[in-house]
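> For reference, the chains in residue letters:
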Amino acid sequence: MKQLFKFGVILGVICLTATLVLAVTYQVTRPKIEGELSQEEQNALKVIFPAADSFTRKTMGEMEYFEALKNNTAAGYCLKITANGYNGFISVMAGIDPSGVITGVSILSHQETPGLGAKINEIKPGENDQWFLRQFKGKRAGKLEVKKDIDAVTGATISSAAVTTAINNAVNAFFKEVKNKK
Amino acid sequence: MKLMGEFVKGLWRENPTFRIVLGLCPTLAVSTSVGNGFGMGIAATFVLLGSNIFVSMVRNIVPEKVRIPCYIVIIATFVTIADLFMRAYAPLLSRSLGMFVPLIVVNCIVLGRAEAFSSKEPPFRSMLDALGMGLGFTWALVLISSIREALGNGTLFGNSLHSGFQPPLFMILAPGALLTIGVLIGILNYFTKKMGK
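Residue numbers (my numbering), protein chains in the order written: chain A, 1 to 182; chain B, 1 to 197.
Quick caveat, the hints were computed from the structure, so don't treat them as lab data.
Some hints could be false.
Calculated pairs, EDC-like style, for lysine to aspartate or glutamate (alpha carbon to alpha carbon, straight line, at most 16 angstroms) [stated by the list, open to error]:
(1) A:LYS139 / A:ASP97
(2) A:LYS6 / B:GLU64
(3) A:LYS58 / A:GLU41
(4) A:LYS32 / B:ASP83
(5) A:LYS80 / A:GLU64
(6) B:LYS120 / B:GLU64
Sample of chain B residues lacking proximity to chain A, with all beta carbon distances greater than 12 angstroms (derived) [what the hints assert, rightly or not]:
(7) GLU6
(8) LYS120
(9) ILE185
Cβ pair distances, simulated, as ranges [said to hold, decoys possible]:
(10) B:ILE68 / A:THR19: 12 to 22 angstroms
(11) B:PRO168 / A:SER38: 39 to 49 angstroms
(12) A:THR19 / B:LEU92: 27 to 37 angstroms
Treat the numbers as computed from the prediction; the structure is a model and nothing was measured.
Ideal Cβ placement from N, Cα and C applies to all residues, glycine included.
Hey, can you work out the whole structure from these sequences and the hints?
Put into structure tokens, the structure is as follows:
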């Protein structure tokens, strides 16, 4: 019994020290991590909606999106989308104009297979944007189909379809929500 | 000289990947590009260093029966520190390693060194042991990942090699990792044997 108590105290002291150290590390790194994330978001926004000069974060129902502003009037929307990829979630951002035509797509993070699914985010040598994502530009979201409207990445139909479907669904849901609000 | 030996043994004679063959799970998973391999190696070295020194410092207070939970808490603390710092200061690397940074907790090299070495040896020697093992793991990862990246993706450090052949995909998938490691261990064993004679 006495031994049990001793074990508990020792383990407790070690855990307490570990917690303290981690709490400090978390506090120290948190602003930098958050800054890094929002920087990424801002960069992605500029890529998917180059025409806008500023963005404001908005929420509607459970959806979080950015309103793209040009000369202080809304020129379109940027949606944060989560797709169910082959290896987990793919975090996508898509810009659309008010009629639902895509202005650009960007992938924030993904865990797809290197060499296969990861090529959804591949920039070919000598080019400066992703060939797979470029295909979405100028097309109307909502009913896009892989192999018909969008060429899939070779050997990665699931990843390609996941991005396409997620964009369709998100844009449809967004406009439905907008309609409901009116 | 003996102190030096604690450092050097991890690099070659007791190399964690090629001789002891520990920590293969992260090795298989992250050796798809040199950048990933190197980043993983450095992160694991940091964790090894921290956990080895601390396990060694508390080795006389921690009772035999609860030593494993104590070691795991110490290791997990250093892994989380490494993870948070990578996210803050190397976000690209952190994103491409993804889940495998937190998974250093279960890397058998780390717990293996705690159990086999630092729980019996003083902190300074444990530190040398950790450095040797960590750097041994790092060079092994860099070697494996450069072979896999060059053959499987046609790039090295992310630069195209312009090799003009269609890279065989399986080299950056799981079979490529097993083949590369197997062949490398074979070659290394062959030369070690020859040199021994």
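> For every hint, state whether the structure bears it out.
The hints, checked one at a time:
| no. | hint | result |
| --- | --- | --- |
| 1 | A:LYS139 / A:ASP97 | holds (11 angstroms) |
| 2 | A:LYS6 / B:GLU64 | holds (12 angstroms) |
| 3 | A:LYS58 / A:GLU41 | holds (14 angstroms) |
| 4 | A:LYS32 / B:ASP83 | holds (13 angstroms) |
| 5 | A:LYS80 / A:GLU64 | holds (7 angstroms) |
| 6 | B:LYS120 / B:GLU64 | holds (12 angstroms) |
| 7 | GLU6 | holds (25 angstroms) |
| 8 | LYS120 | holds (18 angstroms) |
| 9 | ILE185 | holds (23 angstroms) |
| 10 | B:ILE68 / A:THR19: 12 to 22 angstroms | holds (19 angstroms) |
| 11 | B:PRO168 / A:SER38: 39 to 49 angstroms | holds (40 angstroms) |
| 12 | A:THR19 / B:LEU92: 27 to 37 angstroms | holds (30 angstroms) |
In summary, the structure agrees with every hint in the numbered list given earlier.
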